[in-house]
Amino acid sequence: MFRRKYITGLLIAMTAFACKKDNYDEPKTTFQGSITYQGEPINVASLAVNFELWEPGWGKSGAIAVQVLEDGSFSSLLFNGNYKLIIPAGQGPFRSIINNATNSDTIPLTISGSTTMNIEVMPYYMIRNQQITKSGNTAAATFKLEQIITDANARSIENVYFYLNQTAIVDQSNYKVRTALSGSSITDLNNVSMSVDIPSSMSSVGTTGDQNYAFARIGVKIAGVEDLLYSEVVKINL
Amino acid sequence: MRKYLLVISAALVFVFGCKKDADFLKTDPSNILTDEAVWKSESLVLSVLADLYNRYVDQQTITNWAEFTNFDEAFPSQASEYWRVQQIDYPYDWWNLWDYGQMRDLNLFIQKCSEATALSEDVRNRFLGEARFLRAALYFEEVKRMGGVPLITEPMTYNFSGDPTYLQHARAKESEIYDFVIAEMDTIKTMLPDNPATQSRATKGVALAMQARAALYAASIAKYGVNTPAVFTAGGEVGIPADKAEGYYQKALAAAQELINGGKYSLYQKKTEDLQDNFAAAFYDKANNPEVIFAQDFKLKSGKVQGWTITNQPWSSAEEQQGGRVNPSLNLAEQFEKLDNTYAPFATNAGSDYIYYDNPGDIFAGRDARLGGTIMLPGSKFKGKNLDLWAGIMYWNNGAYSIISGDTYGEIGNIPGGPSGVQVVGTDGPIDGKEYSAQTGFLVRKFMDPAVGSGQLGTQSEVWWVRYRYAEVLLNAAEAAFELNQPAVAAGYMNTVRARAGLTTPLTASDITFDRIVHERKVELAFEGHELFDNKRWRLAHKVWNGESQSASDVISNIGKADKVNTQIYGLWAYKIYNPGSANNGKYVYKVVKSANVTAAHRFNLGNYYSSINADILSNNPKLVKNPNQ
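Chains as they are written, first to last, in the numbering used here: chain A, 1 to 238; chain B, 1 to 630.
Isolated chain A (complex conformation) (with noise of 0.2 Å):
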């Protein structure tokens, strides 16, 4: 009896002491910031945007994945070193800028403490002024779209997209209605007006069911863009 305590006791022991503490720290340090054009973020859909940062030096190499969210945002933990940012090809609504360091879309950038940077691209469009507001049964929004890219690789709008969703991410695959306008049908770029007519029962699997709030957001499809771009997203009280 006596001598089973001890066993225990001594086991509880080894496992406590056996092991050591890991013997590399975790990356501490916060890289953020977001993607912007003249300071302004661009709102993109979940999900959709990454970038790459890559360490040099190390034996293999990888590249770390960064996420960007809905509001343009991105924050990654990182050790300290220095890296290389890339936006790959086809990644958002935009094009990279050329950085005068590498002379090309590679954007070198050194951590050491946490860092705060936003990362300017160029957009093919950008959406101004945007108001959303709710009168009656349906949501309308105005908003002007400014064409940024205006050389070659301008690119036309395919169809614009007003969306309604019960939660804060709205987005081409989140939302529960939506109106569509194509590209073609757009007559004034400064003078963009779109309405949804919000359905007397928002409810669906997921979400909360009857809820007195809806979420709006602004969507444009850009001919041969594979992400959209995307507006702000508003909360109208239903």
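Calculated from the structure, these hints are not laboratory results. Among the hints, erroneous ones may be present.
Only pairs whose alpha carbons sit at most 25 Å apart, straight line, appear in this in silico DSS-like list of lysine-lysine [stated by the list, open to error]: (1) B:K299 / B:K434; (2) B:K338 / B:K591; (3) A:K221 / A:K235; (4) A:K176 / B:K543; (5) A:K221 / B:K543; (6) B:K626 / B:K244; (7) B:K304 / B:K286; (8) B:K112 / B:K26; (9) B:K385 / B:K270; (10) B:K112 / B:K40; (11) B:K271 / B:K381; (12) B:K271 / B:K299; (13) B:K338 / B:K40; (14) B:K381 / A:K176; (15) A:K235 / A:K176; (16) B:K626 / A:K60; (17) A:K221 / B:K561; (18) A:K84 / A:K144; (19) A:K134 / A:K144; (20) B:K626 / A:K84; (21) B:K338 / B:K270; (22) B:K383 / B:K299; (23) B:K299 / A:K60; (24) B:K623 / A:K84.
Fair warning: this is a prediction, and the values are worked out from it, not measured in the lab.
Fit chain B to the known structure of chain A by using the hints.
Below, chain B without anything else, positioned relative to chain A:
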């Protein structure tokens, strides 16, 4: 005396006790066969080859049922697989394949076989042809998934110099891999036997069939690549120039016609008294089946059996406590035409009221026989037993129908205001969220084995997995002919395939459109592993799986359109009417429903057209370029 004996025996020990050093390490192993021994014996070489056949790669196959449920052709009725209809994006590394281990084994086999002088010329030629067929098949599979890959045709060996860079090869162009496959088939078709009875080993027939398929893939990528200009790399690893399309289409048509005009294969027509059974039997009947060109074979009591029937058997005739997993979607079922060659959704409503059917199968009457041959429908039979496939009872309650249903297979319940102790849901389902019940209202029939015991874990099934068959060759010929502006030729091949399915009104040359070609492959080749790769090569995948939710009315519109959106699985549920005193009592009505588990709308991104190459492979070989849009 004893002393002498000791001395002599000691001397003997010294003289004979040890072997020569050189011999000591030369003992032949008793548990493995040496290279030298193998390459002297025809039967041992055949065993090596059998292993290589066994490693043939399929993306969807009957031994991996869940893969059939990724692309909205079917719903996965097993709780641990629901995620397949709940995740929006397809990961970029799905379906990626970089199997240079197998490629090296094939190259080694080819090298050693060419030097194996102990084998007779004929035997050696056939083995060589087969290994080169398998190597081309693997390159074909690689290029379908990854685009151009390094083209290695010799076994590579490391010389331990510390510098492996001479082993690093850049990716070939996508067109070069297709050219390699096509050229190999031209060479080996004369080395292989031209015998349609050989169906589980390479023949001239399958060489031509693969050549036609590969050339058609290359041609359509060249032609339809303009729809996805972003899916392209500057070095041609991904994407084929449009001016090559014509040549590839001609090659595809020529190869298909060589096989067709050879006259050795034909469509399976042994059970023409029931065309649905006939179509189903084309897959499970292994005796003198003239349609099957190349298959992965199985054999009972040999250890090589497959469990497709266990996986998918209807609960009503199940031989184990499982089944019902692959549930074909309404999206697929409604693609099967009416006998007058028109498309129509199943008639569920007349105005605001339901349409009442006397028998559960009546709603499916007058359609393409491949519907019942591919899918087990309510009102049909499996293994001689009627399916019990209905979702509940609709009873008349204060001027409207109310529904009563159950939570388990064939539950007994009470109809409010009616009899008690009656069955309120079918034994096979559908019950939403109940695994192994037919949650779309349908079960799969293709490759299902009607033999007794096929649904038992201890017996299983020896139905083969058909990789190449004559009907596909006809459709390949039809597509190539259509693209080469020979619509009358295309119509001829299409009509042959369609007549077997009971669609006896022939299509005319002017009826043949791209939509028709796409549609015919969809219905003829469902559950045979074509859907993903067809939609990829036609550059339709990003339109078909566009990530947008579908309503019930979206699902039943635009049937027969090539770019019809297909992002969410819908089902068609039968209900029994309980309304004594009404003419409709005991009849069946149908509803279009979406399972509560189908929460996501599938989205195929441009980066999915060619799967990602794993980071460790890229890291090991700096000459590799990444696939685009990822």
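Hint check results:
Taken as a hint, the K299 of chain B and K434 of chain B pair is broken in the structure, with Cα atoms around 33 Å apart against an allowance of 25 Å. A hinted pair counts as satisfied when its Cα atoms are at most 25 Å apart, and K338 of chain B with K591 of chain B qualifies at roughly 20 Å. Pair hint K221 of chain A plus K235 of chain A holds up; C-alpha atoms about 22 Å apart against a cutoff of 25 Å. At most 25 Å may separate the alpha-carbon atoms for a hinted pair to count; K176 of chain A and K543 of chain B meet this at roughly 21 Å.
Restraint check: the Cα-Cα separation between K221 of chain A and K543 of chain B comes to about 14 Å, which is no more than 25 Å; the hinted pair holds. Proposed proximity of K626 of chain B and K244 of chain B is supported: the alpha carbons are some 24 Å apart, at most 25 Å. Simply put, K304 of chain B and K286 of chain B have alpha-carbon atoms about 16 Å apart, close enough for the 25 Å limit, and the pair holds. Distance restraint check for K112 of chain B and K26 of chain B: the Cα-Cα separation of roughly 22 Å lies within the 25 Å cut-off, and the hinted pair is therefore satisfied.
In summary, the hint linking K385 of chain B to K270 of chain B is supported, as the alpha carbons are separated by about 22 Å, within the 25 Å threshold. Proposed proximity of K112 of chain B and K40 of chain B is supported: the alpha carbons are some 11 Å apart, at most 25 Å. Straight-line distance between C-alpha atoms of K271 of chain B and K381 of chain B comes to about 16 Å, which keeps the hinted pair within the 25 Å bound. With a CA separation close to 24 Å, the supplied pair K271 of chain B and K299 of chain B stays within the 25 Å bound.
Distance hint between K338 of chain B and K40 of chain B is unfulfilled; the C-alpha atoms sit about 59 Å from each other, more than 25 Å. A distance of roughly 41 Å separates the Cα atoms of K381 of chain B and K176 of chain A; the hinted pair therefore is violated under the 25 Å criterion. For the hint pairing K235 of chain A with K176 of chain A, the CA-to-CA distance comes to about 14 Å; that is within 25 Å, so the pair holds. Only pairs whose Cα atoms come within 25 Å are accepted, and K626 of chain B paired with K60 of chain A is accepted, the gap being roughly 16 Å.
With a CA separation close to 23 Å, the supplied pair K221 of chain A and K561 of chain B stays within the 25 Å bound. As the CA atoms of K84 of chain A and K144 of chain A are separated by approximately 35 Å, the hinted pair breaks the 25 Å bound. Proposed proximity of K134 of chain A and K144 of chain A is supported: the alpha carbons are some 19 Å apart, at most 25 Å. A distance of roughly 17 Å separates the Cα atoms of K626 of chain B and K84 of chain A; the hinted pair therefore holds under the 25 Å criterion.
For the hint linking K338 of chain B to K270 of chain B, the alpha-carbon distance of about 23 Å falls within 25 Å, and the restraint holds. For the hint pairing K383 of chain B with K299 of chain B, the CA-to-CA distance comes to about 20 Å; that is within 25 Å, so the pair holds. About 46 Å separates the Cα atoms of K299 of chain B and K60 of chain A, which puts this hinted pair outside 25 Å; it is violated. Between the alpha carbons of K623 of chain B and K84 of chain A the distance comes to roughly 19 Å, so the proposed pair stays at or under 25 Å and holds.
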